[in-house]
Structures are given as structure tokens and as C-alpha cells.
Amino acid sequence: MTSLVAIRTEAPQSPPQSAKLRSSLRLPLARSVSEPAPLDKPQPFSPSIFKSPLLAPSTSSPEVKRCRLEPQSLPTSPCCDSSTLHRSMVLRKVRALDCASLARSLSTGGGNGILLIDIRPFLAFNLSHIAGSVNINCQDRISRKRLSKRSLLSELASSKEVKEALRKRHYKEIVVYDQSTVEFDKLSSTHPLFLALTSLVEENREPAVLIGGHSEFQRQYHEHCETTLISSAPEEPPSYDLHKHPISRILPHLYLGNASDARDRQKLADHSISRILAISADEDSLVQPLLETKIIAATDNCSQNMKQFFEEAFSFIEAARKKGERVLLHCQAGVSRSPTIAIAYMMRLERISMYEAYRRVKEIRSIISPNLNFVGQLMELEASLQGPSWSEKQAEATSAPVGGIS
0 MTSLVAIRTE
10 APQSPPQSAK
20 LRSSLRLPLA
30 RSVSEPAPLD
40 KPQPFSPSIF
50 KSPLLAPSTS
60 SPEVKRCRLE
70 PQSLPTSPCC
80 DSSTLHRSMV
90 LRKVRALDCA
100 SLARSLSTGG
110 GNGILLIDIR
120 PFLAFNLSHI
130 AGSVNINCQD
140 RISRKRLSKR
150 SLLSELASSK
160 EVKEALRKRH
170 YKEIVVYDQS
180 TVEFDKLSST
190 HPLFLALTSL
200 VEENREPAVL
210 IGGHSEFQRQ
220 YHEHCETTLI
230 SSAPEEPPSY
240 DLHKHPISRI
250 LPHLYLGNAS
260 DARDRQKLAD
270 HSISRILAIS
280 ADEDSLVQPL
290 LETKIIAATD
300 NCSQNMKQFF
310 EEAFSFIEAA
320 RKKGERVLLH
330 CQAGVSRSPT
340 IAIAYMMRLE
350 RISMYEAYRR
360 VKEIRSIISP
370 NLNFVGQLME
380 LEASLQGPSW
390 SEKQAEATSA
400 PVGGIS
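Just so we're aligned: 175 in numbering that gives the first Met the number 0 is position 176 of the sequence shown, and the numbers increase by one with no gaps anywhere.
Derived from the structure by calculation, the hints contain no laboratory data.
It is possible that part of the hints are untrue.
[Unchecked claim] Taking lysine to aspartate or glutamate pairs in the EDC-like style, the calculated list, with each CA pair at most 16 Å apart, reads:
id, residue 1, residue 2
1, K162, D97
2, K171, E215
3, K293, D269
4, K148, E202
5, K243, D263
6, K293, E317
7, K361, E324
8, K167, E215
9, K293, D281
10, K306, E215
11, K167, D184
12, K92, E202
13, K144, E154
14, K167, E205
15, K293, E311
16, K148, E215
17, K92, D184
18, K185, E172
19, K322, E291
20, K306, E379
21, K92, E205
22, K92, E201
23, K92, E172
Please model the complete structure; the sequences and the hints are all you need to start from.
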């Protein structure tokens with residue numbers, strides 16, 4: 000007998016209403032794009048994430064690859080660089096002043112109400128400066144470092160009078176100048192002139208910069224310049240003693256004299272001179288037919304560019320030295336033009352300062368007196384010759400015999 004067993008099949012019961020409410024409250028877990036969802040449980044993709052075709056899911060391959068989002072940096076704001084912003088603020092407070100305007104102010108008002116600040120070295124200031132100006136040396140490393148740390152310009156002054164002049168507020172205008180700056184708006188933030196201007200601006204001053212510096216002003220308006228170290232004597236004074244001054248041996252191969260010395264064949268033979276370097280506008284009367292002669296046409300005035308002849312003169316004298324020959328360097332009186340060339344030659348040959356070269360030539364030939372225009376050009380030469388070993392060369396030159404005569 001077969002027994003039938005009735006199997007009761009129960010339909011699956013639906014979850015209670017409370018469970019449905021709880022599941023509807025569950026928030027979907029937001030996954031990172033770099034962490035794909037499991038393959039068996041695909042997650043709905045947000046269309047905002049896969050706008051790029053590189054990030055869109057591939058339908059051709061079931062494999063889900065990881066992807067990496069590269070961080071994108073925002074463009075730099077022009078105001079975020081504090082040094083650039085500070086530089087712009089300083090330049091907005093500074094104005095340019097041409098030489099003609101300053102000369103007009105000095106002529107009409109005598110410089111009343113104008114404070115002239117010369118930031119060149121003390122020696123350069125004493126050689127020549129604009130009348131009525133005060134000197135504050137901002138060129139050395141210590142001074143530049145102090146100014147870069149927001150020290151006041153008056154703190155660098157060496158005398159009480161200069162400190163008081165800077166502290167007074169009754170000046171209508173403050174004019175700052177160096178040797179030869181033309182485009183002050185292109186100066187670096189560590190340039191001495193820019194540091195001096197920054198110090199004045201931070202004191203709520205609005206200074207002016209003399210375009211072209213002392214060199215240009217002295218060239219155009221030398222009557223407004225003065226000197227306290229070297230007196231500017233004319234090249235061809237009516238003094239009989241100057242033309243009677245004997246020929247001077249500056250170096251073993253270099254002699255300094257006047258036009259009369261160049262015409263005296265016996266004197267040239269006595270000193271074994273075989274070459275002549277003449278600095279004069281009168282070319283025909285200086286040619287010595289039996290000797291190798293080179294003439295540089297230059298006059299002694301405040302507009303003559305003597306610096307352009309330094310290289311030419313140096314090559315001529317060096318050629319003689321290497322061959323064991325001697326050169327007579329002369330102008331009309333041997334006072335201004337030829338001593339300028341001699342000083343420039345010694346500066347370059349021995350890498351010494353302008354002051355040291357001037358001192359040596361002056362001790363040997365006491366009548367020399369380069370005009371202030373030539374002195375400024377020698378200072379520019381000194382600036383171009385300065386290098387890493389400049390101080391060592393200067394120390395060696397100071398201990399060497401005066402004039403280098405053996």
C-alpha cells in the first residue's frame with residue numbers, strides 16, 4: 000500500500016512593513032572612482048563623474064580598471080608674490096628727475112629745499128660730487144645687508160650733520176643718485192640704489208632718482224659739481240713750470256711726459272724710448288719719423304669720452320712691454336689726458352683700485368690732475384674690473400713698491 004504524503008508548499012512571506020521602511024532609509028555608500036565596486040553588485044554610476052571618455056566604464060570588457068585623478072593646481076595670483084608687490088609699491092613712490100631739471104633748480108633756488116643724497120663710496124664722493132649733496136655709502140656689503148633688513152638710511156650716515164639732515168622733514172624734495180644709473184625701474188631688489196629708495200619710501204618719503212647719475216650730470220653741468228680731493232687743473236695752463244717738468248718713469252716700460260719731451264730726440268735716446276703714444280688733437284706736429292708712434296685724438300674737456308680709448312692704449316703699451324721696449328705716453332702738458340691713460344693702464348695691468356693707481360702716478364709725477372670727467376670714467380673702469388679676487392689684488396698692490404719701479 001502506497002501512502003501518499005502531502006507536501007505543503009508555503010509561499011515566501013514578504014518582509015514586514017517596518018523592515019521595508021528601514022531598508023529605504025539606508026544611504027548608498029559613495030565609493031571612490033579609484034576603488035571600483037564589486038562585479039557581482041554593480042553600482043549606479045553618476046553621470047557627473049564620467050563625463051570624460053577616459054573615465055567612462057567600458058562595455059566591451061568586464062574588467063574594471065583602476066584610474067587615478069591627477070591634482071590640478073590653480074593659476075598663481077599676481078598678488079601672491081610679496082616681493083613683487085613690494086617692489087611695485089616702491090617704484091610707484093619714486094619719480095625720475097633729469098639732469099636739466101636739477102640744474103635748473105640749483106641755479107634758480109640755490110638748492111634750497113632740496114636734499115641731495117650721494118650713495119657712492121666715500122672716495123668717489125670726495126673726488127667729485129654735486130654741490131650741496133651729502134654722502135651715504137650704500138655700496139659695501141654690510142651697508143646693503145643692513146638696508147635689506149629695513150634699517151633706516153640715516154643709520155648709515157657717518158656724520159651727525161648728515162643724520163640730522165635726513166631726519167628733518169622740511170625738505171620739499173629728496174634726490175638720490177649714484178654713479179651712472181639710467182633705468183632705475185629695472186634695478187634688482189638688491190641694488191644699492193633700490194635699497195636706498197626703499198628705505199626712504201618706508202619712511203613715507205617720495206624720493207626722486209637722478210637719471211644718468213653723477214657721471215651724466217657732471218658731464219653736462221660741471222659748474223654745479225665740486226671736489227675735495229683732486230683739484231681739476233686745466234690741461235694747458237700758462238704756467239712755465241709745467242712744461243719744464245722732467246719726464247717721469249711710471250713703470251720700467253712706461254714713461255709719462257709732455258709734447259716737448261716727444262720732440263726731444265736726445266731725451267728719448269737717453270731713456271731708450273722706442274715708441275710714443277700721444278694723446279692730442281694736434282696729430283701732425285707730434286709724429287716722430289724714427290719711432291713707432293700712435294696718436295689718439297682726444298681733447299681735454301668735460302665731454303670727451305676717454306674710456307673708449309683705454310683698450311687701444313692698453314694694447315699698444317702691452318705690445319711694447321712684451322718686446323722689452325719702452326713707451327713715452329704724453330699729451331700737451333702731461334697733466335690730465337695722458338695721466339688718465341696711465342692710471343687706467345695700471346688699474347688693468349695690476350688689478351688695483353683707481354685710488355691706488357692715482358696715488359702711485361701722483362707720487363712720481365706730482366703735477367698730474369685729471370679733469371673730473373676723466374675721473375668718473377676711471378671709476379666706471381674700476382667697477383668693470385672688479386672680480387672675485389679684487390680684494391686680494393688690492394692687498395698685494397698696497398704692499399708692492401710705489402710705481403712698480405725696479
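For each hint, the structure was consulted:
At most 16 Å may separate the alpha-carbon atoms for a hinted pair to count; K162 and D97 exceed this at roughly 26 Å. The straight-line distance between the Cα atoms of K171 and E215 is roughly 24 Å, outside the 16 Å bound, and the hint therefore fails. About 21 Å separates the Cα atoms of K293 and D269, which puts this hinted pair outside 16 Å; it is violated. Distance hint between K148 and E202 is fulfilled; the C-alpha atoms sit about 14 Å from each other, no more than 16 Å.
This hinted pair checks out: K243 and D263 have alpha carbons roughly 13 Å apart, not beyond 16 Å. Annotation: proposed proximity of K293 to E317 holds, straight-line Cα distance about 13 Å (limit 16 Å). For the hint pairing K361 with E324, the CA-to-CA distance comes to about 24 Å; that exceeds 16 Å, so the pair is violated. Between K167 and E215, the direct Cα distance comes to roughly 29 Å. Violation of the 16 Å bound is thereby established for this hinted pair.
A hinted pair counts as satisfied when its Cα atoms are at most 16 Å apart, and K293 with D281 qualifies at roughly 12 Å. The suggested pairing of K306 with E215 holds, with an alpha-carbon distance near 14 Å, which does not exceed 16 Å. This hinted pair does not check out: K167 and D184 have alpha carbons roughly 27 Å apart, beyond 16 Å. Taking the CA atoms of K92 and E202, the gap is near 11 Å; set against the 16 Å cutoff, the hint holds.
Pair hint K144 plus E154 holds up; C-alpha atoms about 13 Å apart against a cutoff of 16 Å. Among the hinted pairs, K167 with E205 is consistent with the structure: their alpha-carbon atoms are about 14 Å apart, no more than 16 Å. Simply put, K293 and E311 have alpha-carbon atoms about 10 Å apart, close enough for the 16 Å limit, and the pair holds. Of the pairs offered as hints, the one joining K148 and E215 is violated, with about 31 Å between alpha carbons and a cut-off of 16 Å exceeded.
With a CA separation close to 12 Å, the supplied pair K92 and D184 stays within the 16 Å bound. Between K185 and E172 the CA atoms are separated by roughly 23 Å; this puts the pair beyond 16 Å, and the hint is violated. Only pairs whose Cα atoms come within 16 Å are accepted, and K322 paired with E291 is accepted, the gap being roughly 13 Å. Proposed proximity of K306 and E379 is supported: the alpha carbons are some 9 Å apart, at most 16 Å.
A hinted pair counts as satisfied when its Cα atoms are at most 16 Å apart, and K92 with E205 qualifies at roughly 5 Å. Using a Cα cut-off of 16 Å, the hinted pair K92 and E201 holds, with the two alpha carbons roughly 10 Å apart. Proximity of K92 to E172 is assessed by CA-CA distance (about 13 Å); at most 16 Å being required, the pair is judged to hold.
Checked against the numbered hints above, the structure violates hints 1, 2, 3, 7, 8, 11, 16 and 18; every other hint is satisfied.
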